[in-house]
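Residue-level listing of the chains:
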Amino acid sequence: MTGGSLLASTLDLLAIDPPGWGAVLLLGLWHSVLIAAGAFALGLAIGILGAYGKLYGGPVAKDLLAVYTTVVRAVPELILILILYFAVTDLVNQVLLAMGREKMQISGIAAGIIVLGVVQGAYATEVLRGAILGVPAGQIEAARAMGMPPTLLARRVTLPLMLSLALPGLANLWLIATKDTALLAVVGFAELTQATRQAASTTKAFFTFYAAAGVLYLALSILSTLVFAWLERRARRGQRPVQG
Amino acid sequence: MLRELLLPRRLVMLGLLAVIIALVVAYGRWTWLGEPKYQALILRGIGNTLILLVVTMVLGMALAIPLGLAQAVGPWYLAGPARAFCGVIRGTPLLLQLFLLYYGIGSLFPGIPGIRESWAWPILRDAWYYAILGLSLSVAGYEGEVMRGAFKAVPHGQLEAARAMGMPRFTIFRRIWLPQALHRVLPTLGGETVLQLKATPLVAMITVVDIYAVASRVRSETLITYEPLLLLAVVYLGITGLIVALFGWFERRVPQKTA
Numbered sequence: 001m002t003g004g005s006l007l008a009s010t011l012d013l014l015a016i017d018p019p020g021w022g023a024v025l026l027l028g029l030w031h032s033v034l035i036a037a038g039a040f041a042l043g044l045a046i047g048i049l050g051a052y053g054k055l056y057g058g059p060v061a062k063d064l065l066a067v068y069t070t071v072v073r074a075v076p077e078l079i080l081i082l083i084l085y086f087a088v089t090d091l092v093n094q095v096l097l098a099m100g101r102e103k104m105q106i107s108g109i110a111a112g113i114i115v116l117g118v119v120q121g122a123y124a125t126e127v128l129r130g131a132i133l134g135v136p137a138g139q140i141e142a143a144r145a146m147g148m149p150p151t152l153l154a155r156r157v158t159l160p161l162m163l164s165l166a167l168p169g170l171a172n173l174w175l176i177a178t179k180d181t182a183l184l185a186v187v188g189f190a191e192l193t194q195a196t197r198q199a200a201s202t203t204k205a206f207f208t209f210y211a212a213a214g215v216l217y218l219a220l221s222i223l224s225t226l227v228f229a230w231l232e233r234r235a236r237r238g239q240r241p242v243q244g
Numbered sequence: 001m002l003r004e005l006l007l008p009r010r011l012v013m014l015g016l017l018a019v020i021i022a023l024v025v026a027y028g029r030w031t032w033l034g035e036p037k038y039q040a041l042i043l044r045g046i047g048n049t050l051i052l053l054v055v056t057m058v059l060g061m062a063l064a065i066p067l068g069l070a071q072a073v074g075p076w077y078l079a080g081p082a083r084a085f086c087g088v089i090r091g092t093p094l095l096l097q098l099f100l101l102y103y104g105i106g107s108l109f110p111g112i113p114g115i116r117e118s119w120a121w122p123i124l125r126d127a128w129y130y131a132i133l134g135l136s137l138s139v140a141g142y143e144g145e146v147m148r149g150a151f152k153a154v155p156h157g158q159l160e161a162a163r164a165m166g167m168p169r170f171t172i173f174r175r176i177w178l179p180q181a182l183h184r185v186l187p188t189l190g191g192e193t194v195l196q197l198k199a200t201p202l203v204a205m206i207t208v209v210d211i212y213a214v215a216s217r218v219r220s221e222t223l224i225t226y227e228p229l230l231l232l233a234v235v236y237l238g239i240t241g242l243i244v245a246l247f248g249w250f251e252r253r254v255p256q257k258t259a
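Heads up: the protein sequence lines correspond to chains A and B, in order. FYI, the numbering used here numbers position 108 of the first sequence as 108, with every residue one higher than the one before it. FYI, the numbering used here numbers position 112 of the second sequence as 112, with every residue one higher than the one before it.
Hints in this document: simulated from the structure, not taken from any laboratory. There could be a bad hint or two in this list.
Stated by the list, open to error - With a Cα cut of at most 30 Å, we get these calculated DSS-like pairs of lysine-lysine:
#, chain 1, residue 1, chain 2, residue 2
1, B, Lys198, A, Lys54
2, B, Lys152, B, Lys37
3, B, Lys152, B, Lys198
4, B, Lys152, A, Lys62
As the structure is a computational prediction, the values presented were derived from the model and not from experiment.
Please take these sequences and the hints and turn them into a complete structure.
Structure representation (structure tokens):
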């Protein structure tokens with residue numbers, strides 16, 4: 001095979017229209033981004049609650065949260081995903097049966113978001129706890145002295161001020177979320193890695209498809225890095241630059 | 001430490017934990033643990049996981065040091081490729097990298113005429129070496145970035161003093177720059193080793209038999225869903241504890257001046 005025809009056949013394989021697999025890969029990428037975004041949002045919600053619980057919660061809440069973050073961060077994501085996947089689907093079906101409804105198949109995207117979200121939540125808890133601790137105590141004390149209720153204080157003072165401190169850690173978490181979606185291939189979700197595996201084993205062009213998927217992931221991560229850099233600049237506007 | 005565990009609420013939590021463990025042990029299906037076939041497999045799996053972890057950390061760090069150095073002080077024609085390498089490794093999922101190496105590059109080799117008769121063929125065919133290569137490159141990518149920061153963080157005075165004493169460049173690197181950089185990253189390295197441990201089960205996806213692959217085999221042969229996964233979680237928790245303790249001991253051995 002000459003170089004020219006090799007390139008042509010590669011382009012044929014990656015074409016968007018059906019004999020090519022481009023559309024399948026792009027759909028996989030879309031699913032990956034969707035799951036990553038959902039898991040990141042869920043993780044952020046768990047993280048905010050967890051961070052406040054760890055900082056201001058009662059002793060039992062603190063202990064329970066410590067167990068959650070330690071266990072999730074010590075066990076490989078792959079195994080957590082398997083355990084949570086079976087546990088979550090089992091639990092939902094048990095609840096449905098108890099309510100007298102039919103069993104149902106949970107959609108892959110929903111299960112993926114929940115499972116990865118619980119994993120992300122543990123990391124987000126630690127990132128946000130550190131960031132909240134970095135907010136000058138005087139700001140929070142001043143708001144309390146003005147009689148602000150706790151939720152208003154969190155919304156107007158703590159959360160906006162900690163954003164610039166939390167963003168580098170959150171950017172890391174987002175990149176981990178996009179890459180962890182690849183692990184869902186193990187339970188058979190049609191995200192990018194699974195779609196690539198299908199395309200590769202059907203056409204036997206293993207190298208072409210894995211390299212193409214690598215380029216897609218890389219593009220996603222470069223784009224994310226740019227977006228987070230912009231967000232951080234925005235969150236830091238008005239702050240005095242550090243003198244080197 | 002013990003005193004903190006004996007607080008009333010913690011005693012209640014420990015009691016609950018004991019009850020849960022007792023329930024899992026009593027009602028779970030654990031008979032497969034008694035079979036000699038599976039016992040041997042589990043030991044082999046744990047051994048393979050540990051070998052993979054140690055070998056790839058060592059090889060990866062050996063690659064990470066030049067990568068970090070190139071990024072920190074190298075000329076542009078070394079710094080550029082090093083930065084690109086770290087970016088690619090950190091920007092794509094490890095699972096995909098392993099697939100690309102084993103199925104992608106591995107599928108190109110049989111097309112080379114005469115390769116099946118050569119001495120290299122048993123190595124090129126064996127997933128184990130692809131796993132070592134993939135995991136080592138991953139360590140190199142992540143740790144190269146860590147080492148870049150560490151090399152930059154060594155105080156200038158140290159290097160200037162060494163230069164003033166007339167030390168040759170390589171001796172400065174070997175005696176002063178590298179040891180101080182490594183000392184600085186020791187706490188980070190402990191965390192990164194735990195992350196690397198958590199990455200090792202991915203090699204089961206390219207047919208390497210580590211502890212995760214053993215558990216998957218038990219699950220498919222006995223049709224038991226949860227128990228092998230729980231065993232896996234316990235094994236990984238144990239190894240994580242071991243790594244944390246080891247690095248803690250290591251850090252205490254190197255005295256550090258605290259202000």
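Task: Pairwise hint evaluation, Lys62 (chain A) against Lys152 (chain B), where the allowed Cα distance is 30 Å at most - done: 38 Å, violated
Task: Hinted pair Lys152 (chain B) and Lys198 (chain B), Cα distance within 30 Å - done: 29 Å, holds
Open item on the list: So if I understand the rule, the pair passes when the alpha-carbon distance is 30 Å or less; does Lys198 (chain B) with Lys54 (chain A) pass?
Closed with: OK: Lys198 (chain B) and Lys54 (chain A) at ~25 Å, within 30 Å.
Task: Straight-line alpha-carbon gap Lys152 (chain B) to Lys37 (chain B), limit 30 Å - done: Violated - the C-alpha atoms of Lys37 (chain B) and Lys152 (chain B) are around 52 Å apart, more than 30 Å.
Checked against the numbered hints above, the structure breaks hints 2, 4 and satisfies the rest.
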